[in-house]
Amino acid sequence: MPSSLRRLTLGVALILAAAAVLLLSDLRSRKSASTLPSSPAPQGRTARVALLQHASQAVLDQGREGLLAGIREKGWFPGTNLDLRLFNAEGDMAVAQTIARQMCADDHDLLLTISTVSLQAVANANQAARRKHVFALVSDPASAGVGIHRDDPLNHPAHLAGYGTMQPIAEAFALAREMNPALARVGVVWNAAEANSEAQVKLARTVCAGLGIELLESTVDNSAGVAEAASALVARGVEALWAGGDVTVLTAADSLIAAARKGRIPVFTVIPPHVRRGALFDLGADYFEVGRLAGNLAGEVLNGRNPATEPIRNVMPEILTLNEAAAADLQGTWTFTPAMRERARILINARGVEEPRKAVRTPNPGGRNWRIAVVNYVESAPVEETLAGMREAWKRSPLVEGRDYTLSYRSAQGDMAALGGIFDAVLTAGADLVVPLTTPSLQVALQKVRTIPVVFSVVANPVVAGAGTSATNHLPMVTGVTVEPPLAEALQMLQTYFPEYRRLGTLFCPTEANSLDVQRAFESECRARGLTLESVAVNGPTELSDAALALMARPIDAVVQISDNLTSVGFNAITRAARQARRPLISLNSTTLPLGAPVSFGRDYNNTGEVTTEVIERVIAGEDPARIPFIVPPKIFFSASPANAAAVGMTLPPALLQAVDRVGP
Amino acid sequence: MTLLLGALTIGLILSLLALGVLVSFRIFSMPDITTDGSITLGASIAAVLLVKGVHPVPATLAGALGGAVAGTVTGILHTRFRINALLSGILVMTALYSVNLHVMGRSNVPLMQARTLTSYGDRLGEWMSAGRPLPVLGWPVAPSDAAMTVLALGGAALAAGALYAFFRTQLGTAMRATGDNPQMMRALGGNVERHIILGLALSNGFVALSGALLAQYQGFADAQMGIGMIVWGLASVIIGEALTGARSLGLTLVGTIMGSVLFRLLVAIALRWGLNPNDLKLVTAGFVFAALVLPGLLQRLRSRPRHHPAPAS
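Top line first, the protein sequences correspond to chains A and B. Per the working numbering, residue 1 is the first one in the first sequence, and the count goes up by one each step. Per the working numbering, residue 1 is the first one in the second sequence, and the count goes up by one each step.
By construction, these hints were calculated from the structure, which means they are not laboratory data. Only a predicted model underlies this, so the values are computations on that prediction, with no experimental measurement involved. Incorrect hints may have been included.
A few chain A residues that face chain B, going by a derived Cβ cut-off under 7 Å, partial list only [claimed, not checked]:
#1 Thr428
#2 Leu487
#3 Asp517
The following label-pair restraints were derived from C-beta to C-beta distances [claimed, not checked]:
#4 B/Ala157 with A/Tyr409: 30 to 40 Å
#5 A/Thr80 with B/Pro58: 26 to 36 Å
#6 B/Val283 with A/Asn314: 49 to 59 Å
#7 A/Ser470 with B/Ser98: 44 to 54 Å
Here chain A is said to cover these stretches of chain B; the calculated rule only asks that three of the stretch's residues, wherever they fall, bring their Cβ under 8 Å from a Cβ of chain A [stated by the list, open to error]:
#8 89-98
#9 135-141
#10 213-222
#11 255-263
Built from N, CA and C at the ideal position, the CB exists for glycine as well.
Please model the entire structure based on the sequences and the hints provided.
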């Protein structure tokens with residue numbers, strides 16, 4: 001017995017060595033685990049989260065809504081697996097301190113704060129407990145005094161992460177100057193007790209000095225004093241009032257704007273959307289979006305992401321809002337350029353009516369480098385064309401490879417058992433988004449990938465694959481591009497140009513994923529249009545020639561070949577048989593014209609690739625995959641070759657040659 | 001860690017396939033190509049039953065039984081109709097394509113909504129740790145992943161134990177003897193044909209069991225999932241023999257399971273290191289080659305000093 005045990009040692013040693021190598025390449029996730037002893041999985045457990053918002057004020061409310069939306073996107077739903085307690089200090093510092101102590105004393109898995117003041121209050125109270133803390137809607141985290149360093153975004157307390165959103169102050173002043181080139185004196189009301197506000201006013205002073213604008217300041221302690229301070233500034237002869245991200249002042253935005261209106265001067269802010277209340281323009285951050293990004297981060301922290309390794313970055317999804325009505329009876333001339341109107345997210349026209357706008361997006365509001373992992377099941381012509389189309393679309397994309405995204409490509413080379421390992425490897429390597437190509441790859445992704453977006457492509461029927469119940473109602477993190485063959489369109493084309501073809505024939509490959517499904521769908525589509533379909537099964541490349549000849553011997557008017565891998569690769573055999581039998585031939589694969597097809601009509605896989613990249617761009621731009629319906633790429637590639645037609649004894653009607661995308665030789 | 005557990009689980013599930021291949025390839029010296037079809041058959045039968053709401057245990061066993069029937073057919077073609085062993089395997093494998101499509105009704109059956117053995121793994125994992133991740137050597141591990149690996153290990157051990165026990169019964173010993181020397185067996189009055197049929201049924205039953213489990217683990221059955229599986233099965237058997245030197249039955253069984261696990265671990269390493277995707281198959285072939293050659297090489301290096309004095313004496 002000992003000798004047989006000795007015989008096992010080599011195997012055991014090799015297995016242990018291989019396991020050790022695997023674990024060594026996975027050390028990163030272990031470090032994050034040791035600092036996060038209780039990183040929960042979304043299922044089967046309720047996370048306790050508390051949120052502190054400093055005041056009830058439009059911007060902070062938007063941030064909170066965004067934050068909650070962002071957390072939901074990561075699989076945490078209040079009431080089901082998220083025990084969420086919302087606190088609001090209603091602008092009172094002392095109350096904020098008490099709430100912060102309370103939040104840190106209770107057993108919370110994560111603390112969330114909105115605004116700089118709340119960040120400071122909770123960070124202070126949290127010094128001992130060191131509970132995980134994600135903050136948002138903070139102009140300048142480094143100046144908040146909570147241990148965040150300006151020079152090194154990774155140097156911050158290990159339990160603390162979040163995003164800074166420095167308002168575009170320089171841009172706002174430049175825009176004001178552009179609208180009114182004579183602008184020389186601007187007033188600002190601010191609360192010196194707000195660190196956030198101070199940072200912005202300091203920046204505004206430098207900006208104004210650079211533009212040759214005189215900045216007149218007036219400080220207040222509470223919202224009640226805002227109206228009086230603003231009137232004082234108007235009396236001192238300012239030509240416009242500017243409001244930064246000062247919570248005290250923004251709470252009293254209405255009185256600030258009223259005071260300005262009395263002096264017939266405009267108010268502009270870096271905090272949208274104040275135009276609806278009468279400000280001239282706001283150039284600032286989309287705080288819902290900022291909140292949503294922070295919510296995503298919070299959700300990922302709940303899923304196990306380590307705050308210590310998150311760099312504290314500046315995110316600035318910019319929006320411009322305009323109010324032309326507010327420019328009506330001002331002193332001096334304030335003009336809106338067409339470019340501004342084009343850019344505006346909200347535009348209130350001169351009649352005071354809000355015009356509908358189409359959404360303007362920043363391409364990558366989070367600013368992170370997305371690691372995109374493309375996982376293919378098996379090499380095939382459609383996949384390769386799709387990949388080529390994706391590459392083309394990336395070249396046109398506003399996103400930059402290396403800065404906004406990094407692509408990786410893996411293939412299981414037809415080994416289904418390897419697919420699971422590939423997804424494990426992709427997730428271990430820290431992918432942010434996966435792109436499964438073909439149905440088996442999507443199905444494994446549905447099993448393995450839970451917390452990051454999945455954008456599939458080259459999948460004929462994602463509903464059958466289990467990705468949802470319809471194109472719009474699907475799993476929350478999953479969306480993508482379906483390549484359902486355009487059978488109805490093809491038959492429409494056929495009946496338009498070749499009404500005399502009533503009995504059609506096709507080869508199909510029952511052993512191939514999808515070929516059988518397409519054949520059945522085609523059969524019922526033909527029946528619905530009063531056509532008959534003769535189908536001949538082929539099981540392998542060697543049978544193709546014989547099967548094609550057998551098909552030609554059937555009583556058919558024309559061959560309308562559906563697209564699958566086998567018949568696409570071996571299309572030559574079908575051409576040869578059709579030429580021998582002088583049988584009209586129409587291919588439903590867009591790439592078969594060079595292989596002898598007289599007419600080809602099919603999904604444009606290049607376009608499939610382009611659309612796939614567009615969907616990925618939408619996800620990177622912050623759209624919720626749950627709300628992106630499965631997309632069928634619109635383009636059909638229709639081509640014809642008179643020479644190929646002549647070879648099978650088929651005449652192409654002139655109207656068809658007019659209608660095709662390309663006429664071949 | 002997830003990657004390690006995933007590779008271990010797949011390795012253990014496919015070790016059942018390897019055990020099946022071991023029975024046909026080593027014990028009966030027949031490279032039985034039915035494997036490629038019967039693994040899919042097991043997966044399809046189990047998947048269709050699971051979607052219909054059948055309890056996972058009988059569904060899985062039904063899958064295995066389907067494989068056994070396929071093996072029986074191969075055995076009958078080989079013994080009763082005197083068709084070459086390789087050819088009868090090819091015939092049944094080819095026929096199984098259509099059978100599998102008929103069983104599934106289409107080329108792919110997803111199991112997302114169905115209750116499978118995997119859902120038991122999830123529940124076991126939750127029960128083990130109340131939904132919290134288990135710390136394993138410092139890595140946080142989703143309890144369902146850990147539970148799946150434990151279940152797969154238990155399954156493989158149970159299968160190997162059952163096979164060991166069976167081959168030590170009178171019938172099992174006779175079957176092994178048939179594989180070693182059919183003439184002698186016939187001379188002793190044994191029913192060689194019946195033994196071969198039984199052996200192929202057993203072999204393909206294990207293969208289909210592996211397919212049924214694989215479908216439940218990966219969440220779907222697909223008409224193409226069996227392609228090339230015989231190769232991985234053979235590779236596992238041969239790696240296992242190279243590792244253990246394979247003298248006794250018990251060692252061979254354990255070696256085969258180790259071979260399957262090791263093979264999947266090496267594939268996982270190759271995947272983790274992000275090699276050029278076009279090279280995956282080349283690298284896996286390289287692994288098999290290394291696993292075959294290295295033990296012999298080590299042996300020779302170790303025995304060289306002892307060999308030198310031998311000619312002198």
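Now for the hints, and whether the structure bears them out:
The beta carbon of threonine 428 of chain A is positioned within 7 Å of a beta carbon in chain B (closest approach about 5 Å), and the interface hint is therefore held. For leucine 487 of chain A, the interface hint is violated, the least distance from its beta-carbon to any beta-carbon of chain B being 17 Å, above 7 Å. With a cut of 7 Å, the hint placing aspartate 517 of chain A at the interface with chain B holds, because the nearest CB-to-CB distance is about 6 Å. The hinted range of 30 to 40 Å is satisfied by alanine 157 of chain B and tyrosine 409 of chain A, whose Cβ atoms lie roughly 38 Å apart.
Range check, threonine 80 of chain A to proline 58 of chain B: Cβ separation about 33 Å, and the 26 to 36 Å hint holds. Take valine 283 of chain B and asparagine 314 of chain A: their Cβ atoms lie about 43 Å apart, and the range 49 to 59 Å is violated. Range check, serine 470 of chain A to serine 98 of chain B: about 32 Å between beta-carbon atoms, so the 44 to 54 Å window is missed. Given as covered by chain A, the region 89-98 of chain B passes the check, having 3 residues with a CB less than 8 Å from a CB of that chain where 3 are the minimum.
Evaluation of the coverage hint for the region 135-141 of chain B: fulfilled, as 5 residues show C-beta separations to chain A shorter than 8 Å, against a requirement of three. Counting residues of the region 213-222 of chain B whose CB lies closer than 8 Å to any CB of chain A gives 6, so the stated coverage by that chain holds, three being the minimum. Against chain A, the region 255-263 of chain B contributes 5 residues with a C-beta closer than 8 Å to a partner C-beta. That satisfies the three-residue criterion, and the hint holds.
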